[in-house]
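A.B. asks: So the protein lines, in turn, are chains W and U. Start counting the first sequence at 469; every next residue gets the next number (my numbering). Start counting the second sequence at 623; every next residue gets the next number (my numbering).
Where hints are given, some of them may not hold.
[To be verified] Far from chain U, some chain W residues (derived; all Cβ distances over 12 Å):
(1) Leu-493
(2) Leu-551
(3) His-552
(4) Leu-615
(5) Thr-618
(6) Phe-643
(7) Ile-667
(8) Val-677
(9) Ala-681
(10) Thr-718
(11) Leu-746
(12) Phe-758
(13) Ile-768
(14) Ile-769
(15) Pro-776
[Said to hold, decoys possible] Once the Cα atoms are required to be at most 25 Å apart in a straight line, the calculated DSS-like pairs of lysine-lysine come out as:
(16) U/Lys-735 to U/Lys-705
(17) U/Lys-735 to W/Lys-581
(18) W/Lys-581 to U/Lys-706
What the hints contain is simulated information worked out from the structure, not anything from laboratory work. Quick reminder that beta carbons are idealized off the backbone N, C-alpha and C, glycines included.
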Amino acid sequence: MAQSTLRSPNSVRAALFLLLVLAVLAVLPFGLGGFGVEFLMEILIWGLLALSFDFLYGYTGLLSLGHSVFFGVGIYGVTLPILHWQVGLWPAMGIGLLVSAISAVIVGYFSVKIRGHGFIIVTVVFATVMTLIAFAWRSVTGGDDGLTFTRPVLTLGPLALDLVHPLTRYYFTLFFVALSFFLCRRILRSPLGRVFELIRENETRARFVGYNADRYKLISFSISGIFAGVSGILYALFLGFASADFFQWTISAEAVVWTLFGGAGTLFGPMLGAGILLYLKELLSSQWAFTYLIFLGAIIIVVVMFAPRGLVGTAKEIFTHLRERRHKEEGRASTVAKP
Amino acid sequence: MQSPEDAILLRVEGLAKHFGGLAAVDGIDIEVRRSELRAIIGPNGAGKTTFFNLVSGGLTPTAGKIYFNGEDITAFPPDRIVKKGIGRTFQVTSIFPNLTALDNVQSAIQGRKGPPHPFRSLHSLRDTWEQAQETLELLGIGGRANVLVSELSHGEQKLVDIGIALGSDPEMLLLDEPTAGLDAASTHAMTDKIQRLAETRTIMIVEHDMKVIMTLAERISVLHHGKMLAEGTPDEIQADAEVRRVYLTRGV
């Protein structure tokens, strides 16, 4: 009876839980005011950025601070075609997706070969260089003043919806965030995802059982970068605005904090982390305009100290522990019962 | 009828590896016959592990050639060498800590196959689980299949390391100090297992335990300062005055 860790009946329960979360997110706007809906959208989009970061860090073991590059490329990839060529929504998103993918492959190609901390440095350098270019090239990017554009109409067959309407924009955003989440989850639970995990666990051993680690790291980096690009595309359409500021590596650093807070290697954790921390920031900064950062920092430190695997990671650990104990007790009972 | 050339599985010619000014391996010639059990011995720093790293692709040689099955595999990367049929274990046990023993071996079985599917579920790998289970049973740890390897004992982890190497179904198995850190009973059990593996595969083993070497090896190659000092049967090596001088008298 050969079976394996990742194939526990737990995965059915996890899928049900995720569907429940999705259902809650689908009805939540009706209980929230206009500001609440906008805020929830923002959380979903930043959550997707955190998720894309976790794809690479939590599952392949590569800490990239260059994801702001793909976020920014996604933003401009959708903004510039709308602004200059007046293209529709779908072609604009397609172009945004394509340029994020290309930029992810290029950055990945030059960085995944570098081991250890060098990798992190190279990704920061890419983000910094892109930021400098974006600020310098004002005529195209608008620099830190940015570019404002009118969102194209969302056409679905005979339907034409206006993305200016908050609810339309909300469901549009929710659809793509949920789609991205389930795609990432599918990939990470496939044989390909298993290879990513092998590299995270022991890259040398993975090479010596026949995996070209650099190639799989590039694949993981590219997929992850594409989803960072999707979050950028959604953010541009959310704001109707693009700015060179979004290339800054500090945006990737926020994704790191959300991921560690929520639990690396859990996909859901980083999104939850983004949600909780953005909400706390909103809450605390309305009370204390500047000193709120002290409180926010303290909360993060406490969570990371007492739940080193993040909120979701630690919760999972506790559940597994409880289940094992129950199994052991049941096992003992059944051995006693047997003649 | 096999020609003498076909009988040779691994042929190494003038193999050298320099680290800066240091010649860790300094012009080695070796021929290992099919289904032979060859031991590589030598004092610390003799170049044994470097030699293994060169053959398995972990290091690129400074000079020399490596032929496997008559094919030039010099400077191939590790993943290609595995696919040619050379599997290895590591002196410091090298496993995937947060996976079960079964998944550890299964991953190696998968490694020799085609590219992994990006969307199918892991259930699509079911046929390889059975194979992985058989491998673990062969090594006597079938009952530990579903335990995370980080929770296994050192001896069991060493067996998983071998199981991973066997997962890629190698024609030639390189064992780097398989009994290092094991107690007497485990060493004895390990020796038995290696003997059984040797019935179906060519094995090259680096080992410090002389008793293990003398029990297992058909031929022994002695390295010293990166050079081949002597080669022969266990009896010949024990009788070799030069070998006794640099090695045996100190070790045993």
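A.B. asks: Within 25 Å, alpha carbon to alpha carbon, are W/Lys-581 and U/Lys-706?
C.D. replies: Measuring from Cα to Cα gives roughly 24 Å; hence the hint holds.
A.B. asks: Compute the least Cβ-Cβ separation between W/Phe-643 and chain U, then decide whether it is above 12 Å.
C.D. replies: 20 Å, holds
A.B. asks: Find the nearest Cβ of chain U to the Cβ of W/Leu-493 and say whether that gap is larger than 12 Å.
C.D. replies: With a cut-off of 12 Å, W/Leu-493 remains clear of chain U, as the shortest Cβ separation is near 24 Å.
A.B. asks: For W/Thr-618, is the shortest beta carbon distance to chain U beyond 12 Å?
C.D. replies: Holds: least Cβ distance 37 Å, greater than 12 Å.
A.B. asks: Report holds if the minimum CB distance from W/Thr-718 to chain U is greater than 12 Å, and violated otherwise.
C.D. replies: 31 Å, holds
A.B. asks: Take the C-alpha atoms of U/Lys-735 and U/Lys-705, compute the straight-line distance between them, and say whether it is at most 25 Å.
C.D. replies: Holds, at roughly 9 Å.
A.B. asks: So is W/Ile-667 really clear of chain U, every C-beta pair being over 12 Å apart?
C.D. replies: With a cut-off of 12 Å, W/Ile-667 comes too close to chain U, as the shortest Cβ separation is near 10 Å.
A.B. asks: Take a quick look at W/Val-677 and tell me if its Cβ sits farther than 12 Å from every Cβ on chain U, holds or violated.
C.D. replies: 4 Å, violated
A.B. asks: In terms of Cβ atoms, is chain U entirely out of 12 Å range of W/Leu-551?
C.D. replies: 35 Å, holds
A.B. asks: Quick one: work out the minimum CB distance from W/Ala-681 to chain U and report holds if it exceeds 12 Å, violated otherwise.
C.D. replies: 8 Å, violated
A.B. asks: Can we confirm that no CB of chain U comes within 12 Å of the CB of W/Pro-776?
C.D. replies: 15 Å, holds
A.B. asks: Does the claim that W/Ile-768 lies outside the interface with chain U hold up, using a Cβ gap greater than 12 Å?
C.D. replies: Check passes; 25 Å lies beyond 12 Å.
When the structure is compared with the earlier hints, violations turn up for hints 7, 8 and 9 and for no others.
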